[in-house]
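If you read the protein sequences in the order shown, they are chains A and B. Sequence positions in the first sequence follow this note's numbering and run 1 to 659. Sequence positions in the second sequence follow this note's numbering and run 1 to 243.
Everything labelled a hint here was simulated from the structure, so no lab data went into it. Keep in mind it's a predicted model, so treat the numbers as computed, not measured. By construction, the Cβ of each residue, glycine as well, lies at the ideal position given by its N, Cα and C atoms. Be careful, since some hints might not be right.
Unchecked claim - Sample of chain B residues facing chain A (criterion: CB under 10 Å; computed from the structure): (1) Ala23; (2) Pro24; (3) Trp26; (4) Asp28; (5) Asp48; (6) Ser67; (7) Ala128; (8) Met139; (9) Glu170; (10) Leu214; (11) Asp218; (12) Pro225; (13) Thr228; (14) Ala231; (15) Arg234.
Okay, here's what each chain looks like letter by letter:
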Amino acid sequence: MRIVYTDVLVIGGGLAGLRAAVGARRRGHEVVILSLVPAKRSHSAAAQGGMQASLGNTAKGEGDNEDVHFEDTVRGSDWGCDQAVARLFVHAAPQAVRELAAWGVPWNRVRAGEREVVMDGRRVMLSERPEAHGLIAARDFGGTKKWRTCYVSDGTGHAMLYAVSDKAVAEGIPVHERMEAIALIHEGGRCHGAIVRNLVTGELSAYVAKATCIATGGFGRIYRVTSNAVINEGIGAAIALETGAASLGNMEAVQFHPTTIFPAGILVTEGCRGDGGLLKDAAGHRFMPDYEPEKKELASRDVVSRRMEEHIRAGHGVKSRFGEHLWLDITLLGAAHIDGRLREVKEICRHFLGIDPARDFIPVRPAQHYSMGGIRTDARGEAYGLAGLFACGEAACWDLHGFNRLGGNSVAETVVAGMIVGENIADFVESPAGELQVSTALVQGFLAAEQGRLDALLQGKGMESATDIRRRMQDIMTDKVGIFRRGDLLAEAVDELQVLLQRSRRIGVATKRPGSNPELVAAYRVQKMLKLALCVAYGALQRTESRGAHYREDCPRRDDANWLMRTLASWNDPFQTLPTLAYEALDVRGMELPPGWRGYGARDAIEHPATASRAAEVAAIREAFGHADRAIVQQALMPYEHLVPLRFRGHNERLGDPR
Amino acid sequence: MSTDTPRQLTLRILRSSPGEGIAPHWQDFRVDEAEGMTLFIALNEIRDTLDPSLQFDFVCRAGICGSCGMLIDGRPGLACRSLTRDFGPLITLAPLPVFALIGDLSVDTGSWMRGTAERLETWIHSQAEPDLTAVEARMEPELAEAIYELDRCIECGCCVAGCGTLRMREDFVGAVGLNKIARFRLDPRDERSDEDYYELIGDDSGVFGCMSLLGCHDVCPKGLPLQTQIAFLRRRMVAVGLK
Chain A
1 MRIVYTDVLV IGGGLAGLRA AVGARRRGHE VVILSLVPAK RSHSAAAQGG MQASLGNTAK
61 GEGDNEDVHF EDTVRGSDWG CDQAVARLFV HAAPQAVREL AAWGVPWNRV RAGEREVVMD
121 GRRVMLSERP EAHGLIAARD FGGTKKWRTC YVSDGTGHAM LYAVSDKAVA EGIPVHERME
181 AIALIHEGGR CHGAIVRNLV TGELSAYVAK ATCIATGGFG RIYRVTSNAV INEGIGAAIA
241 LETGAASLGN MEAVQFHPTT IFPAGILVTE GCRGDGGLLK DAAGHRFMPD YEPEKKELAS
301 RDVVSRRMEE HIRAGHGVKS RFGEHLWLDI TLLGAAHIDG RLREVKEICR HFLGIDPARD
361 FIPVRPAQHY SMGGIRTDAR GEAYGLAGLF ACGEAACWDL HGFNRLGGNS VAETVVAGMI
421 VGENIADFVE SPAGELQVST ALVQGFLAAE QGRLDALLQG KGMESATDIR RRMQDIMTDK
481 VGIFRRGDLL AEAVDELQVL LQRSRRIGVA TKRPGSNPEL VAAYRVQKML KLALCVAYGA
541 LQRTESRGAH YREDCPRRDD ANWLMRTLAS WNDPFQTLPT LAYEALDVRG MELPPGWRGY
601 GARDAIEHPA TASRAAEVAA IREAFGHADR AIVQQALMPY EHLVPLRFRG HNERLGDPR
Chain B
1 MSTDTPRQLT LRILRSSPGE GIAPHWQDFR VDEAEGMTLF IALNEIRDTL DPSLQFDFVC
61 RAGICGSCGM LIDGRPGLAC RSLTRDFGPL ITLAPLPVFA LIGDLSVDTG SWMRGTAERL
121 ETWIHSQAEP DLTAVEARME PELAEAIYEL DRCIECGCCV AGCGTLRMRE DFVGAVGLNK
181 IARFRLDPRD ERSDEDYYEL IGDDSGVFGC MSLLGCHDVC PKGLPLQTQI AFLRRRMVAV
241 GLK
């Protein structure tokens, strides 16, 4: 039995995992990262448009600060997020962007003086302040009051991932590549590491750690049409679910990105619209202002995606042999802008569509893009129900995004959560609770169980095909658990997925070789993915309201009175075919921003009984403090500083601050 | 392309499985071409319907992550963004040379690139610990853009596979390594001097090993200015060497 011991085991080599690993390593702990692929190939690299941080350097970002970023994030979440976590995040985001600047990310910088930009379909002149020259610039993104999205052309995620990955190399952190965690080792509510399969040799080993951190990203591949990379299958979330001790939060909250190229589903950044691009229909008509007069193309993603599908249903889609789509028009931005700021978009259009976006419209349609749900943790990143297990980034639900994430907040979350959770992991490892007490018999038991499951697939008499089951799952999810949801279709989806789950227990694998075996990998993964799909579909069926990206045609209103709650899904018995759902109420009485209208989208929410009194209380506190420093008012409304690791406390300085 | 009768494509793939002692051999697979078909789509179709054991590496399938470098009709390129319509009815696919072979079209670029990062120390060398709450240091907008130009490398390994020197010298840093030195040299946040860089690349395993065949420049999927950067670095390193 091969056992690797380490202080901290990080599962996932994308931005969140790497940054958490660097944090724990810098506190003096031994860290090992597991990654399915070389770390720099992680899906973080595909984040194009940028990361939100309220630096306020650009003319259209002047006056931005944590308060504005906080309110945008909460409104974006449709009040589903944990507001204390949102506060923690907006506080640390400027520090994350500045740290990355010091680590080498070539952020686009402010150039003083006049410049021409496209806003709302027109060319206008902006004047950048001379004192801001050379500071980090920002572009516009959906659902934000200020231009806040810091960027590196449209290769932001790539530049960030390379800087942080190279930082991990500088810190001497080993990344064990092509290694997949297929089960967590745990006992009595304490996680002790993972059983890991070598994807090249097929060998199983045990990684035993004081603290384990899952940072494996999202699970978009349970859908047929997704912008996600092929490795985004959610196995990290699934192995947490399979412990029966941890739970997954808000799995039904799935984001669909408005602009993925049709039909391949490859993302083109929200920066296209942020920089002035427009959505048009078959007649060449710009339709978003008809639906959303305030924010137009730059409403939040859930709203824009729904409006696009609504417009297609109304008969305005462009017909093609693959189905219907709409147009994204960035021709008005001009070739020079596209060559400088949207060059990945240009490359994608050229290679996958054979078009030049400076001259031609881009065919687009919404596709699955982001998993707001994930491993439910507290604000420190520690999993509910399993001490010593942490999670961060898209794999986690500490709950920054609620039911809809704002563009630019996810790549920001990866590094911010990595910073914060990395410190909290180090604190845990240094505490008495972090002591490692695990018997080799326990480890051996988990190892044998996993080997048994793989052997059953390889040597069993199953006749079901993993490929067929997987394709059917993806079709069900895209057709019945998509942008528009309905009770009867969701019920069908849940029934069909349960049948698939049972069939998946009888998969046969024709390729018998023990080593690199893509067929075996597909087989054990689809068994896990089906559980995630059931958490999404069943959670969506039970939630009889519409909130953020979860839209029920049969229950179209947001219902704060009954559904201001987070869904918790668990899977206690390996043979059950449905997750066990529980609900966790959000406390209106503690909210800094009580529920209201988002500023875009529908305006018909059913009010929570405590909303009015909390709103009055908030107004009274603001009145009582008058013109006091905004940090003092904030503290009175909803304290969150105790959640900020010591290293990241303090006031974020901005240009023109009195100091 | 005719829309009525799709072409039938033959993908001739160099199969192997070193772990099982299966030596390299060609195997043909036939697929019907579809509109907009990429090698990503064709290879997955083969794996889903013809041979579930076929090994290849894709991650983003959007030309961003650099996982799917392979020899396509003998030329290194990214399979995910190669449209079959740009090729004849017979397409040969082989794994990238130089890198350790995992099996079929899958090679281990990760260990090679990690080795390069460690050897060339491809990170910002700075004594100062940043003050995260203070306003960031300024940088000229043009300089930031120039650094990004070189930062766009996706470590796909195509330049390594297309390199003449690497056929003869296993320890050559390759265009990917030289470009990284050029990138950090341009970055004022990195406090290393040309003398420091000379220690890293001032010999035949570094910039003086390049024979200027420049296959790297021709095959780089990101169109990085490798020719200019290698020539420029060579001049700078000669200047240090002559001191």
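Outcome of the hint check:
For Ala23/B, the shortest C-beta to C-beta distance to chain A is roughly 15 Å, which exceeds 10 Å, and the interface hint is violated. Among the interface hints, the one on Pro24/B is violated; its C-beta lies about 15 Å from the nearest C-beta in chain A, farther than the 10 Å criterion. Because the beta carbon of Trp26/B sits about 20 Å from the nearest beta carbon in chain A, more than 10 Å, this interface hint is broken. Because the closest C-beta pair between Asp28/B and chain A is about 19 Å apart, greater than 10 Å, the hint is violated.
Evaluation of the Asp48/B hint against chain A yields a held restraint, the C-beta minimum of about 5 Å falling below 10 Å. Proximity of Ser67/B to chain A holds as hinted, the smallest CB-CB distance being about 5 Å (cut-off 10 Å). Interface restraint check for Ala128/B: the shortest CB-CB distance to chain A comes to about 8 Å, inside 10 Å, so the restraint holds. The closest approach between the C-beta of Met139/B and any C-beta of chain A is roughly 5 Å, which is under the 10 Å cut-off, so the hint is satisfied.
The interface hint given for Glu170/B is broken, as the beta carbon of that residue sits about 20 Å from the closest beta carbon of chain A, more than 10 Å. With 10 Å as the threshold, the beta carbon of Leu214/B stays out of range of chain A, its nearest partner Cβ sitting at about 22 Å, so the hint is violated. At its closest, the beta carbon of Asp218/B sits 17 Å from a beta carbon of chain A; the interface hint therefore is violated under the 10 Å criterion. Among the interface hints, the one on Pro225/B is violated; its C-beta lies about 14 Å from the nearest C-beta in chain A, farther than the 10 Å criterion.
Violation of the interface hint for Thr228/B is found here, the shortest Cβ-Cβ separation to chain A being roughly 18 Å, above the 10 Å cut-off. Because the smallest distance between the Cβ of Ala231/B and any Cβ of chain A comes to about 23 Å, over 10 Å, the interface hint for this residue is violated. Because the closest C-beta pair between Arg234/B and chain A is about 24 Å apart, greater than 10 Å, the hint is violated.
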